[in-house]
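Please build the complex by placing chain R on the supplied structure of chain D, with the hints as guidance.
Here the protein sequences line up with chains D and R, keeping their order.
All the letters of the first sequence, read from the start, carry residue numbers 572 to 1095 under this note's numbering.
All the letters of the second sequence, read from the start, carry residue numbers 616 to 842 under this note's numbering.
Derived by calculation from the structure, the hints in this document are not laboratory data.
Keep in mind that a hint or two might mislead.
[To be verified] Covered stretches of chain D (in silico footprint by chain R; criterion: 3 or more residues with CB under 8 Å from a CB of chain R, positions within the stretch not fixed):
id, segment
1, 821-832
2, 1033-1039
3, 1052-1066
4, 1075-1085
The beta carbon of each residue, even a glycine, is placed where N, CA and C say it ideally should be.
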Amino acid sequence: MKKIIISVALLGLVIAVSIGILSSKETEQNPLSLLQAKLSDKPAPSVDHTKFAVLKKKFTSPQQVTAACISCHTERAKEVMKSNHWNWEREEYIEGRGIVYLGKKNAINNFCIGTEGNEESCAKCHIGYGMKNSKTFSYTDSTNIDCLVCHDNTETYAKGNEKGGAPDVTVDLSNVAQHVGEPKRSNCGVCHFFGGGGNNVKHGDLDKAMFDGPKSIDIHMGTDGMNLQCVDCHKTEKHNISGKMYSLSSMNRNRVECEECHTESPHADAILNQHTLKVACQTCHIPTYAKANATKLDWDWSTAGKLKNGEPYEEDDKDGNHTYLSIKGSFKWGNNLKPDYIWFNGTASHYLLGDTVADTTVPLVLNPLYGSYQDKDSKIIPVKIHTARQPYDPVTKMLIQPKLFANKKGEGAFWKDFNWERAADVGMKDIDLPFSGHISFIRTEMYWPVNHMVSSKENSLTCTDCHSRENSRLSGMNDFYMPARDYSPFIESAGGWLLLLALAGVFIHGTIRLISSRKMKKRG
Amino acid sequence: MKQKVYIYRSFERFWHWAQAIIIFFLAATGFEIHGSITFFGYQNAVKYHNIAAYSFIVLIAFAIFWHFSTGEWRQYLPTAKNMKAQINYYLFGIFKNAPHPTKKTVLSKLNPLQKLVYLSLKILVIPTMVISGLLYMFYRYPQKGNMEGLNIESIKVIALFHTAGAFLLLAFIIVHLYLITTGATVTSNLKAMITGYEEIESEEKKINTNDEFPEESKILKNEVGHA
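Bound conformation, chain D alone (with noise of 0.2 Å):
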């Protein structure tokens, strides 16, 4: 009895040590209602918009607004003129390339391929007025701020169609110029949502559905949810906004990082908390992205020019996406898509213009990722791959920028002519590069990091989606060990076929003694 009280004791003090060892490294859980209660206390604007006599009045023209913005907030106009959003490029420092001031008026991307040329279509999307020609346009008048597509909050505000940047004639100035204030999901939304030329094109993770979408999409923006706008996390300061896309950055900085909320530990699993020292939050935490509606995977600029009748066409799948625009060419769409996964260390390359390539037979990468296992800054993050094959010139080995868009015809632009040969002659004059009269397309890539479409807790991925055997998420990343997808196939082997002879030679040994002590009996 005594021993067995002894035996007892000794295995209670072993477990109970062993509990006490493994519970002292779990981390207290993160205060998520803190910092609920901390975003949902939103203060009520200062001043009142309305009340001000410079804005009770008939604004004829855009830049009358801006004028009276600035007549007051003397100041912010000078801050706007040093942003991205304003000038169209950032100062960038690129391994191999030194510093270079980076930005659409530079960089090719494989949607649209570039501005250059065709801004007044594209400054759609910039924040100023009077973009024709982003080498003409003059980055130093302030007036040509547009304050109101970031600040109207009566979301009646939209910039017209291929007017250089100028606001749709129906808009009533006044009244917005009235209601301005915080930036909300719709002021962002309208340009970041559709770039590409439509709706979640580019990204992938923003969609027009995040105006008022569920916290299925996306846990943080859900309107049944937190609820939160875009700049609760793309903090600003003297209009210089956090966060970025590497479609057109290179430098590890001004990054909005999970963290700064969650803290570094947010699970009280200590051992999930070692994960995000390697595996950004958005691996896990966004399991699928285009959620709501597809998103573009692959354009072929090299069937575009088709007409019928002598006339564009275009034709779509039964979820009303494009699959073929004679403008553009041809498209593949995907949605509820599982990322790619790669090492990222924040830092990317990128193909400026005027480059020349030096190898086409692998897919041109327009704009590298770099990292590594071994890179102690690199981390996994999700991916969207968008491919494309794009107009290149096989003489002097440069992506070819063509003039696309021209309100009429005779321009050389494609979207009127359909004339390859004149859109990329009209197009690399138009930047001062050679164009050798050659066209052909080549094979491109670019990775989109996917950050938002954030999933709830319960939807996340769980560990063995990645340590598997098969079907691990990270079965392309191969510079590193993990436990559960990899193994040695010669200590497998060896290990299988020891513990095989090991049962066999049990069993044969087992099976002689028993024949032989029956026969023995038999015999007496």
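Okay, now just chain R, sitting in the frame of chain D:
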């Protein structure tokens, strides 16, 4: 002359069975973490594996103390004496109902093959598992922390050692479970490890022939008498 002898003392039996339970549990949770089976759920398997690992380390600490304080560690000193006879017994004699070549006594519980296998478990396999297991647990990705010298570039080597050790332990368990049945009767070894008592050849005769550790023999004999 046979007599019932108290051969496995209470701590020894507790240690043996606790170790057995923990190793089975570590194997089940470990091979789930390895991706070979699915049972507890991955997150639970990791959690339980860690708890079991700490329990195992505590148990090992007690066992080491016990081995040295009682002098039982000498049981595991390898010897070539009788080795050939023992191998011959397992390969041939056992089928002819031949007697065990090594007489089991309190002072020498293990036959030469057991000595060799248990010693390699104690000084090779278990330490490999404990060390690689601790490294696995406390491994913190390259270049993090200030101790550059302690950097481990990848968990791969650690994991491979840990997996190889796990296979060896599993193979040991399979053979061990079978060899339990090769005692004087099919269940006599099992009963001995449960109750502590086993019917073995007269002890007096054996002590006289055992001249390897005469000092310990006397001490042990006294202790056995009191237990």
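Of the hints given before, which are not true for this structure? 1
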